[in-house]
Every structure is written in structure tokens, then in C-alpha cells.
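Asks: Since the structure of chain Z is already known, use the hints to place chain G on it.
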Amino acid sequence: MSSNIIELIRENVIQGRVTKDDEGIEEGMAGQPGVTELVEEALASGADVSEVISKGLTASMEVVGQKFETGEYFIPDMLASAEAVGAAMEILKPHLQKSGIKPKGKILIATVKGDIHDIGKNIVIILLRGAGYQVKDIGNNIEAKDIVKAVREEKPDYLGLSALLTSTMVSMEDTIQALEESGLRDKVKIIIGGAPVSEEYAREIGADGYGADGFHAVSVIEALNDSE
Amino acid sequence: MPREGILIEKPLERLSCEQVQQIHDASIEILNNLGLLCFNKNAAKIYQGSGAAVSKVSGSNIPCWHIKIPEKLVTAALDSAPCTVTLGARNPDNALVMRGDEPRVYFITGSETNTWLDVDFPTYVSKADPKKEIKIPEFKPRRGTVADLCDSAHVCEHLETVDGYIRTVNIQDKDINEDNKDVNKYFACLNNTTKHVMSGLTNLKQLDDVVKMAEIIAGGRDNLKNNPLISFITCLVKSPLQFVDDTTETFMEVCKRGLPIVVSSSPQAGTSAPIKEAGILAQINAEVLAGITLGQLVNKGTPVLYGTVPVRARMDTLGDSYGSVETSQYNIDCAQMARFYSLPNYSTSGVCDVKIPGQQSSIERLFSDILVTLSGPQFLHCAFGLLDCNSVFCLLQAVLDNAHFKMIKFFLKSPGINEQELETVKKQIRDVVATPQKMFINYIRPVMRTGEISPPYPFEGEGDSDSVFALANGHLQELLAKPVEHIDRATTAKIYREIPGLLPRLNVYKGG
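Sequences listed follow chains Z and G, in order. Here numbering that gives the first Met the number 0 is used: position 87 in the first sequence is 86, and no number is missing along the way. Here numbering that gives the first Met the number 0 is used: position 286 in the second sequence is 285, and no number is missing along the way.
Bound-form chain Z, shown alone (with noise of 0.2 Å):
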């Protein structure tokens, strides 16, 4: 039963089906349970949590690069599976502590002042969330003070922060020195990310990573947390 149910999630994430109304690719899959749903089951019939993790979420994740890589899925897929790892993710986090399984790592997230160009943003929660990291969107045109407070509260392990504009890219230069100002600097690493940015600019402005696109992104976190 526990192993059966667990293929099914493997299926589901591969398809990129969160809930039962989604389409996968293959044809005739709406109507069935989607990830949300076995995901529930799975829960409710005393599955293994790390082993529904590993060997449905993370290595299905695995299969759904691998089709990338080969050009066989597009971006689009990959967010779908990413988004039905995250919901899962979502259902999961109150049974990670019981089960004994370390979070992966927290993140804030926002687009900062002046700007209110999302996409970029939002398709990396995506792709984090799928990761298994727990993100918090606190949303777009935040300034510097905002985001400083909400380092504040959350104690986030990493600090993303987006920018679509050569106007608005100075703002992440303004948060960092807000951040170093109020003494929470060395509490978070910081990534940055959009289309104006570079890797140059990170360093200028004292980042700690650049993301050039959403996958870049999360494997710079990655890296980042595999070091500590």
C-alpha cells in the first residue's frame, strides 16, 4: 500500500499534477488524485514521511531534470512538478520534526522598492519550494526597512532579492546597508537576482550569490547550504 501510494505521488510530481483537477501530459489523468491528494493519503495511511519525501518528492525531482536536460520538458513542466513538490512540502512541514527530518532552509523573498515586476520572483519561490526549502514571499516594492524587519522576525537563512529595472537594482545596495546598519548582516545570505543584475554587481554591492535564472538560483542556495 505505502509503496504503491508512493509511486503514485513519483508519477504525479512527474506529470506536474498538484491536485486531481490538473492535467498531467499524458492524456486522461484529470479526475485522479494529484500530489495534494495521495499526498494526504499517504499521511493518513501512516506512510513513512522521509520516505515519502525521498522517494517520492526529491527523486522524482530527479527524473523531471534529467527529461529537462534531454529536452524532453520544458520550463513550464518543471515549475508544475516543482509547484507539486512545494504543495506537498506544504502538507509535510507540521510531521518533519516528529519524523526527525532537518528542514532544508528558510528563505525570504521579495522584489525591492520601487519595483513591482514579480514573474522573475515568483517563479523562483517556485522552483525553491520544490526544492524543499520553506519560503516566505513577503511580495514587491518592499523597502529597505520592511525587509530589514522581516529579517527581524523570521530569521531567515537566506535573503533573496529580485529587480527588474536599472532604476530599481540600487535598492538591493540600499537593503544590504539597511541590514549591515541594523546588525543583522552576518545573520543571512543574501542572492540576488533579475534581469539588470550580474554576478560583478553581487560582489559590489556585497551579496552573497547571484542567481542568473530561476534553476541558477536554486543551485546557488544550494551550494550556499551545502558549505555550511
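Derived from the structure by calculation, the hints contain no laboratory data. Virtual Cβ for every residue (Gly too), placed ideally from N, Cα, C. Some hints here could point you the wrong way.
[Claimed, not checked] Label-pair ranges, simulated between beta-carbon atoms: (1) I100(Z) / P121(G): 55 to 63 Å; (2) Q476(G) / G70(Z): 14 to 22 Å; (3) T122(G) / I100(Z): 49 to 57 Å; (4) E17(G) / T165(Z): 50 to 58 Å; (5) L164(Z) / S466(G): 25 to 33 Å; (6) Q65(Z) / P435(G): 26 to 34 Å; (7) L421(G) / E199(Z): 35 to 43 Å; (8) T57(Z) / A127(G): 44 to 52 Å; (9) Q436(G) / T165(Z): 49 to 57 Å; (10) N417(G) / G70(Z): 30 to 38 Å; (11) T57(Z) / P91(G): 51 to 59 Å; (12) T165(Z) / K437(G): 18 to 26 Å; (13) D315(G) / Q65(Z): 20 to 28 Å.
Replies: Chain G in isolation, oriented as in the chain Z frame:
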């Protein structure tokens, strides 16, 4: 089922109805009052016997007649010329059905170039940094051969946007001569593509052998009539307004046999036609109408295409400038004139002035490919692989052109907007707006694999590098490695028994 082509629902037209009528009237006046010179005695006789005013031109070194064609002859020819011309194919699923009153475009190769362009990718090392190496395409011209023609037909068989095949390269092997060129040319094409094959004739004496070969492949004379897997093109009228002796004779002989033929005229604005648009249009229209009229007088009801290859002269050399903007304008106008007569139009696009593939080539050919396609000619000789004003052929360019035409065909899909679709998307918008992330990405997936989203440019390199040529060449090699659907062994044996002059090396079964 014939090939689908692409239906242009609202063809691009530059001329008003009044201007179309004015061009027609001017052409009729040219034919009736000014007339044409005719260097073919049989054509002059036919015209004379049909009521045209024909007089021998005195003082000419070669026999020549002056023909004035009355309007009623032209009108009768336009009535009898079929509105629908079917170009068959070895594989009947590749047949092309061209209706003069329907702007359904088929993309076809051509023309006959003397030069074949090979491509190589030598490595260059930076003087400043010897570790830095780049591969740059190098193009090497040489005389075309029958083996090249086979390769070209083979590749075009596998290029999905190519609907039909005009021989792309003039075969200049040492063992090819005037007496065996046509049979080998047609056989090389027919044996390497199952699509329709069109060509000009080098020597009228070979016409019957070529037709017999086609009959053997089609399975008999009646089958060839129903599925004319070959057709012909002749430039019987040399601009301005002259029936050429040999090509006119060829034209009439093809018409007698009832096989499809293009009446083609190719005046050059500025030299062999007036530089002004009105002038070249009135003249080319008169020239094509004169040819069509002759064809219908020879064999009433014979299938003809209204063939127009107008071009503007270059101001620096007075050579052809196929890449000029005006050349596209003329072609678009001619498509409109052909539609006025409800005759299928043979048109031209994609010919560029530059000698090698590159930026100029892409700009010139894509400009005319898009615009002339939009005008809705039924038979678009769109110069797959042609460079240097039709005198150079490069397979790599043909592969690049195929990518262009995929984009053009995608662009021309119907919008697909209806009540049901709008209801669906309104729900999508409502649902997405209610979510925190407000993204429609999930809705991409259902349409991503149905062909509803245009594919990326297939030869896009990674990072900052421009790898178009290298990637296209890789694709070309894949196409060349694909199997060829040759004519079967028994039919090939029959062709070799009955058709003289075929080169033994073209027989793929000779070893067994």
C-alpha cells in the same frame, strides 16, 4: 489526399480593382496594337490561322513574324485555360492542387544553377591568444553534378516545408551532353524525391523520353494524365515581347501532350521592361497572356500556370536585383493579376543578390518570402538554397530556408478565436487573478505539445555564440543520412530498358 499548402485567407494586394483593370486593358492594347515579334514559324502559323494579324518582318536576318493578337483570342484562351491545375507526385499524397481562385500557396524549390556551393568549417586560432579557436564557415563554389542533384532532391524530400521540387542544379558532368541531359536530370530528381518534379527541357528531342519515363513511373499514360508527376517550365517569351524559336517550339510540344506547363516571363525593369511598376506589369502581363493564348490554341484546355518572374535591374551593374524591394512589389502585383484571371500563379521569392549564406542573404530572402507568400501565389518558387540571383545553390541555405518557412507557415495559421475559446480564457483569467502568484504558466502545458506554440529557432546557439551555420550543417548531415525512397527495382529496370541515355551510375540497383 494532396498536400495542404497554406491558405492565405486575406491575400496581400497592392493594386485596386481599378488598377487591375487598367493593367489588363493596357496589356490587351499592347497585344492588339503593338503586338509581338515571333521567331517561331509554327507559332506564327497557329496565330494566323486563329485570326491574329500576322505579317512577315522584312529585313530580318532570321525568319521573324509580327503578330497582333486580338482581344477575343485572349478572352477565349482565358476561358479555356483550366482554373485548377493538379501537379501530381510519385507519392500521390504529395500532389499539389492549385486553384486559380484560391490563394493556397505551395512552396517549391528552383532554379537551375550552374554553381554548387560546398561548406566547410575550418578552425582559426587567435594570434593574440593561441588557446582561442573558432570555426568559421568557408564556402567553396564548384560546378554542379548529377550526384549533387540527387543529394539536393533527397534533402528536399525531407524538408517538410518543401511542397515540390524544381531541379536546383545544372548537371555538368563530363558524360552529360545535350542528348542525355534531360532524361538524366528528370530521373535523378524523380528517383530521389516523391514530391512533384518540374524542370525545363534542354533538348526537345528528349521530351518523349522524359514523358515515357514519367508514364512508366506513374503506371501508364492514363495514370500520368491523372497524376502528372512531372511538369515543365518554358520561357517562351523573351522580354520585351518576343516569342523565342526553340522554347516556343518546346512549349507547344508540351501543350500537345497535355502535361502541366508554366508560361514564364522574366522581364527586368529598367532594361528589358520599363523601370516604372505600371510599365513592367502591363508588359509582363501581355507576355504571359500571349503565351497562354498560344498554349490554348495548340491544345484547348491544356493546364498552364501564369508564370511571372519580374525583377528590377541593379543600378550598379544592370544585372538582376532579386533582393530589391521593387521585385517583391512586382511579384505581389502579378499574383493579384493571376487571381483576376482565375489562373494559378507561378511566382518567385527568396532569391537574394549575395553570393554566400549570411546576414544579407537572410534579410533579402526573408523579406520577399514573407511578403510574396502573403500575396497568395499558388506555386511559389521560393528559391530554397539559391544565392547570387539564381546562379548558386547551397544545401546549407536550403536547410536555413526551411526554418524560415516553418515560421511563415506558423504565422499564417488562423487566429482560432471563437465564443467557446473566449469563455475558456475568461475563466483562466479569473482563476489566475485570484491566485497569489498571478501566473498563467500552468496553462501553457496543455498547448505546449499540440503544435499551438511556435517552436524556437532551430539553430540557436548557446550563450553568446552564433552557431547557426554549424547547427544547420549538423541538421543537413542528418537529412543526408536519412533513407531515400527510390523508384522500385522493377520500375527502374524497365526505365533503363526503355529510356536511352541514362547514366548507369544513377541505377541504385545495378549491384544486385
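Asks: Evaluate each hint against the coordinates.
Replies: How the hints compare with the structure:
Range check, I100(Z) to P121(G): about 57 Å between beta-carbon atoms, so the 55 to 63 Å window is met. Restraint check, Q476(G) to G70(Z): a C-beta distance of roughly 19 Å satisfies the suggested window 14 to 22 Å. As the Cβ distance of T122(G) to I100(Z) is approximately 53 Å, the hint placing it in 49 to 57 Å holds. Our hint of 50 to 58 Å for E17(G) and T165(Z) holds, since their Cβ atoms are close to 54 Å apart.
Between L164(Z) and S466(G) the beta carbons are some 31 Å apart, a value that agrees with the proposed interval 25 to 33 Å. A hinted range of 26 to 34 Å for the beta carbons of Q65(Z) and P435(G) is consistent with their spacing of about 30 Å. Roughly 47 Å separates the CB atoms of L421(G) and E199(Z), a value that falls outside the hinted 35 to 43 Å. For T57(Z) paired with A127(G), a C-beta distance near 48 Å keeps the hint of 44 to 52 Å intact.
Evaluation of the 49 to 57 Å hint for Q436(G) and T165(Z) yields a failure: the beta carbon distance comes to about 25 Å. In this structure the supplied range 30 to 38 Å holds for N417(G) paired with G70(Z), their Cβ-Cβ distance being about 33 Å. Hint check: T57(Z) to P91(G), Cβ distance near 54 Å, so the stated range 51 to 59 Å holds. Taken as a hint, the range 18 to 26 Å holds for the pair T165(Z) and K437(G), whose Cβ atoms sit roughly 24 Å apart.
Separation of D315(G) from Q65(Z) is about 57 Å and departs from the stated range, judged on CB atoms against 20 to 28 Å.
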